[in-house]
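J.: Position chains E and R relative to chain V; hints supplied.
Residue numbers (the UniProt record's numbering), protein chains in the order written: chain V, 1 to 94; chain E, 1 to 101; chain R, 1 to 311.
Derived by calculation from the structure, the hints in this document are not laboratory data. The beta-carbon is built from N, C-alpha and C at its ideal position, and this holds for glycine as well. Please note that the accuracy of each hint is not assured.
[Unchecked claim] So the derived list for chain R, only partly shown, Cβ under 7 Å to chain E, looks like this:
id, residue
1, Val26
2, Asp48
3, Val50
4, Thr101
5, Glu123
[To be verified] So these bits of chain R aren't anywhere near chain V, every CB distance computed over 10 Å:
id, residue
6, Val16
7, Arg24
8, Pro112
9, Pro172
10, Val239
11, Ala263
12, Phe282
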Amino acid sequence: MTDLATHVFTGLGVLFFLAGSVGFLRFPDIFSRLHALTKADNLGLGFIALGVAFQAGSWRQVALLALIWALVLLAAGTVSQLVARHALRERDGR
Amino acid sequence: MSGVTLYALTGAALVGTGFFGLIAARHLLRRVLAFNLIGSGLFVYLGAAGARGGEADPVPQALIITGIVVALSASALAVGLIVALARARGRAMLPEEDVGG
Amino acid sequence: MTWALDATLCAMILAVALATVLGRGVFRAIVFFVVYGLLLALAWVRLDAVDVALAEAAIGAGLTGVLFLAAFGRLARSGADAEPPPGRVNIAAALASAALTGALVWAWVALPLPGRPGPELAEALPRAGVENPVTAVLLNFRAWDTLLESVVLLAALVGLWMLARDEAWTEPLGLPQHVRPGGVMASFGRILPPVGVLVGAYVVYVGADRPGGAFQGGTVLAAVGIVAALAGLVRPPRVTRRAWRAALVAGPAVFLAAGLGGAALGAGFLTLPERIAGSAIFAIEIALALSIAVTLAFLVIGPPETGLEDQ
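One chain only, chain V, in its complex shape:
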């Protein structure tokens, strides 16, 4: 049962990563690419962490997985903001 949950959720996560990567390659400008990466990949990582959590031996490991996801969310959100701001300034000629 837990194995099935792991397969389903990590599979779902991989699908989101795939969608994010396709968007990254296909979208025309930097803003929509950032949109594809942050939205889809953060959700994908969340699903993968959820799937792996079903294999955890203790609540401590579940909490660590949640912390990792939260830190990646924080870093990804910050970095994409900074990249977008820089791109905006470049476009407007500083």
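T.: For chains E and R alone, kept in the frame of chain V given last:
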């Protein structure tokens, strides 16, 4: 082919890739990157050699950890020299190779 | 199945390494090099070397990336970021590189398979004072290497500081950072340090028994300092500050003192007798983590600069 051999071959290929970059690249920053590829390729090769007996050997691992830190400090010094050169000459290439403009 | 994982990982590592060397533009090369460091950390986990994986993720992918990106920014300001278009393929270099790789492959095939790890290590480990064999090798059995390595870090920092201009010497380290007050970077720099300090201190602390130690934890702490400086939260110190200079030499100094203590107890210089090994290694680990954190952060932030000559 075992997994360990695969990593050893990867390490050997990384050394070759880095060596090519070190010789062929002209921008000095890329040369330092290539030099780091040589170093980490050797680390992978050494680490794979340490894992050959089935159980990972801690002695090469300890050497590799100190090696990674030394590589960073050497890179920082090299990068500082490159930035100083660029400030003085406006280019980040060696004078005798600076023919592109 | 695991073979497929290893093969995919190795193929990706080689691909990003090639992109680092051949990709168009230096900026792209740096980005690929950061990805390379992350993939390499996974490879170390696959090789059962978790201590190395931690060091690679923190240094190879983290600090090295910051170092090169910052250098690229400085070069761009000096107008030295452009690369000449690639000329003819350097056939001699390609042949020499192929020969080097070939020689390493041949050496691997010719290498006799040893019985590892050596029986001496298994015999000596219970007397090392720590349970993590990598920490035992680093801080006890091969303490000479590690002591000299911590001095090499200092030498690199002294070399870097020698590049500072005279008029910049009394300025704070690195370039002045301009951060929008209340912006995302400022709040990121406020949220991350508490978590980062906790993680770094934990990694140093568990190093005695589990993967981790002064190098990995010290690097995490260095990264926290760099993020705080980039976010404009703290101003990097001046070269002339004595407390910071003391932090730079604390690790080698405690290491040296422990080595002399071993000699005083009759075991020989840098040989830790069994009954004090545990506590001596703990003291060395804490002091070394502090020195490594400060030295690496200063190495990445760079020599003192006024920032005036670029404007």
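J.: Run every hint past the structure and note whether it holds.
T.: Evaluated hints:
1. Val26: holds, 5 Å
2. Asp48: holds, 4 Å
3. Val50: Hint violated; valine 50 (chain R) Cβ to chain E Cβ min 9 Å, cut 7 Å.
4. Thr101: holds, 3 Å
5. Glu123: violated, 14 Å
6. Val16: holds, 15 Å
7. Arg24: holds, 17 Å
8. Pro112: Given that every Cβ of chain V is farther than 10 Å from that of proline 112 (chain R), nearest at about 40 Å, it holds.
9. Pro172: Non-interface label stands for proline 172 (chain R): nearest chain V Cβ at 23 Å, farther than 10 Å.
10. Val239: About 29 Å separates valine 239 (chain R) from the closest Cβ of chain V, which puts it past 10 Å; holds.
11. Ala263: holds, 43 Å
12. Phe282: holds, 24 Å
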